[in-house]
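There are 2 protein chains.
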Amino acid sequence: MGVLLFDTMPKISLKGNWMPASPIRKLIPYAEMAKKDGRKVYHLNIGQPDIETPKVMLDAVRNNQLKVIEYSHSAGNESYRRKLVGYYSKFGIRLDYTDIMVTTGGSEAIEIAMMTCLNEGDEVIIPEPFYANYLGFGTQAGVRVCPIESSIETGFALPPISEFEKRITKSTKAIMICNPGNPTGYLYTRSELEALRDLCLKHDLFLFSDEVYKEFCYDGNEYVSVMSLSGLEEHAIMVDSVSKRYSACGIRIGALVSKNKEVMASALKFAQARLSPPSYGQIAAEAAIDTPDSYFEAVSQEYVARRDFLVNALNNMPGVFCPKPSGAFYVIARLPIDDADRFCQWLLESFSFENQTVMLAPATGFYSSPNKGKDEVRLAYVLNIPSLSQAMKCLEAALKEYPGKTN
Amino acid sequence: MGVLLFDTMPKISLKGNWMPASPIRKLIPYAEMAKKDGRKVYHLNIGQPDIETPKVMLDAVRNNQLKVIEYSHSAGNESYRRKLVGYYSKFGIRLDYTDIMVTTGGSEAIEIAMMTCLNEGDEVIIPEPFYANYLGFGTQAGVRVCPIESSIETGFALPPISEFEKRITKSTKAIMICNPGNPTGYLYTRSELEALRDLCLKHDLFLFSDEVYKEFCYDGNEYVSVMSLSGLEEHAIMVDSVSKRYSACGIRIGALVSKNKEVMASALKFAQARLSPPSYGQIAAEAAIDTPDSYFEAVSQEYVARRDFLVNALNNMPGVFCPKPSGAFYVIARLPIDDADRFCQWLLESFSFENQTVMLAPATGFYSSPNKGKDEVRLAYVLNIPSLSQAMKCLEAALKEYPGKTN
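Residue numbers (the numbering used here), protein chains in the order written: chain A, 1 to 407; chain B, 1 to 407.
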């Protein structure tokens with residue numbers, strides 16, 4: 001006849017515990033402290049470009065005359081979806097507008113694709129390093145992310161198909177790639193993609209392809225979408241987003257694209273539950289399709305100049321190796337350091353060069369295999385060359401001073 | 001040595017199959033057909049008000065001078081969160097801005113709350129009829145929704161606590177309510193909420209409270225938030241949204257609110273994975289806090305007049321019963337019909353009154369118990385009185401003509 005004691009602190013879920021903190025954002029408190037100290041921080045840690053959003057988008061929102069901001073169709077405004085058909089045709093992707101569902105950023109497209117296609121406990125194979133939030137979306141969906149290492153020595157080319165074959169089990173339901181790649185900048189060749197296609201057809205796997213950087217392919221290299229690979233119509237699912245394309249990350253508009261009718265019908269049910277994608281974002285995104293080609297030409301030129309500057313600066317530092325990628329606006333660099341997480345935190349907490357420092361993303365967060373990427377960092381070349389130049393001076397000085405340096 | 005045949009159509013997930021289609025939206029194709037026939041359709045099926053969005057919100061977006069639409073903080077702009085603290089204090093809810101996370105609509109707040117607090121297979125008890133998408137969010141999270149029936153005879157008051165006690169198992173982790181209620185319009189009394197509080201403390205359950213209709217409480221009745229119940233600080237999680245408050249459903253801004261630090265820290269990890277809530281929506285929502293009281297007074301007056309008109313019209317139809325609710329802008333009515341799904345589809349497919357018809361939501365979609373709500377429909381009084389009047393004329397005529405009528 002004791003006293004009943006109730007635990008008055010309910011427990012959060014296992015998923016809530018397992019959910020990874022964003023490796024890109026977890027150092028933010030240290031960056032805030034550095035700024036409070038009065039140090040300037042160069043943010044190369046996040047893919048937030050300094051490029052201006054096209055005027056046609058900003059104007060469309062500013063000039064809208066809506067009196068009631070209503071829900072849109074759960075799959076997005078039909079007028080926007082129809083315009084997207086024309087946009088994609090420029091890349092050899094032939095679609096009906098019903099093959100396109102507008103989502104709240106590319107993030108939601110991935111969430112919905114995973115829930116639609118994979119059961120709890122199913123496996124998705126992803127070449128690593130990969131965009132860190134894939135692991136978060138996998139955790140949310142109860143899906144197991146199975147990494148296959150790609151190598152900095154080959155510039156993060158597709159691992160051999162034989163390596164994929166080794167990892168395929170009864171639970172494998174999908175392969176996921178990012179093309180052009182975040183965080184690697186690697187652009188898959190047509191033959192790599194055809195090899196993946198054949199593998200997916202052989203084992204009846206979905207091929208999820210995150211192609212949000214499609215406008216950023218350099219040096220005359222060709223972007224090949226999984227949506228243009230013949231024979232893969234039922235297996236290919238493209239994730240897209242306007243965030244990077246138009247430097248409009250905050251409008252939260254993406255797309256889930258597939259010719260698989262069953263996938264799209266199921267995806268729509270998830271979309272209906274959350275009602276609709278943002279209306280203002282759709283106004284901006286629809287207007288964006290009229291962005292003149294000259295905008296992309298100028299932006300590409302700028303990114304190529306930044307990449308060339310950055311890769312050159314990095315490879316000129318003792319002990320640093322950085323492959324030169326053909327797409328997106330990231331590079332992965334190998335540094336002569338003991339531990340990238342420690343180094344990136346130290347840069348913010350303890351380092352100063354002419355009252356400045358630099359914020360980088362430790363590459364460990366882009367690998368799901370333990371102890372991988374410990375001497376690698378991701379740098380986003382989203383700042384102009386004068387800022388990149390200062391940031392590289394900081395990094396070079398830091399590598400001389402860092403207590404955990406290895407050369 | 002046979003021929004290897006590969007199934008070239010990958011299967012979607014169980015969740016993708018189980019995910020319920022929206023009962024509010026699944027009749028849309030029939031409504032579209034009715035409109036193509038040239039019939040006018042009165043939409044009482046969805047909570048999309050015709051009320052104008054406050055000018056202060058529209059102007060804030062139109063006058064914004066941003067040149068780059070950047071990501072915001074994953075938890076939302078700090079300036080907006082700080083202003084929300086002041087907004088909530090009007091309702092006796094005392095918060096720190098860190099108790100508030102801005103979400104992409106109330107929908108995302110529910111998704112994140114479920115994933116943060118409940119494991120796969122855990123149970124959440126919800127009085128039914130309930131907002132249909134709770135079932136969808138439960139399906140997404142792998143959570144079992146356990147309904148307890150509330151009765152149209154009592155106007156959908158809280159079922160007896162003894163009924164809750166009967167349903168609590170080892171797997172029960174939360175109770176969820178909507179206050180004021182969608183689809184019932186019911187406003188819980190302080191004593192009902194205190195009884196729920198005591199129950200949650202006794203069994204250490206989270207209490208999720210969807211309070212997106214807080215501004216719409218009529219006839220001098222008091223709105224009591226779970227956030228103002230003493231002793232429930234670690235258990236209470238409020239879901240909020242600006243969609244209905246300001247007739248701004250399309251901006252997709254909501255909030256997850258809790259004083260439980262562990263919950264908020266975990267919720268932030270889910271929020272980080274999806275990067276940020278919409279920027280334009282946050283601009284509008286922050287400006288919305290300056291909406292003058294006169295706006296809500298005028299809107300409340302309008303909704304009360306509509307409710308009174310609608311409830312009166314319904315109860316004057318033979319065989320129809322509709323309790324008069326104190327909040328939100330919905331009513332549930334019992335009709336003399338065989339099957340609400342069939343009736344609502346028939347209204348769109350086969351019925352015409354002066355070349356008009358009415359779209360209603362079958363109540364079956366708001367019950368998870370099978371065969372419940374088959375003679376009930378939900379009506380949203382989101383149209384002006386002249387339109388409601390026409391809609392009621394349609395309904396009255398339809399109830400005389402419908403082949404499945406039961407009186």
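Take these hints with a grain of salt, some might be off.
[Unchecked claim] Here are the in silico distance ranges between beta carbons for each label pair:
no.	chain 1	residue 1	chain 2	residue 2	range
1	B	K170	A	L66	29 to 35 Å
2	B	K170	A	N17	18 to 24 Å
3	A	L66	B	K400	51 to 57 Å
4	A	K36	B	D204	44 to 50 Å
5	A	G121	B	N371	51 to 57 Å
6	B	V304	A	S294	51 to 57 Å
[To be verified] With a Cα cut of at most 30 Å, we get these calculated DSSO-like pairs of lysine-lysine:
no.	chain 1	residue 1	chain 2	residue 2
7	A	K90	B	K374
8	A	K259	B	K166
9	B	K26	B	K11
10	A	K36	B	K83
11	B	K170	A	K259
12	A	K83	B	K372
13	B	K324	A	K40
14	B	K166	A	K11
15	A	K374	A	K35
16	B	K26	A	K166
17	B	K11	A	K259
18	A	K35	B	K324
19	A	K11	B	K372
20	B	K166	A	K67
21	B	K324	B	K372
22	B	K26	A	K67
Think of the hints as simulated: they come from the structure by calculation, not from any bench. For every residue, glycine included, the Cβ atom is placed at its ideal position computed from N, Cα and C.
Hints breached by this structure: 1, 3, 4, 5, 7, 8, 11, 12, 13, 16, 18, 19, 20
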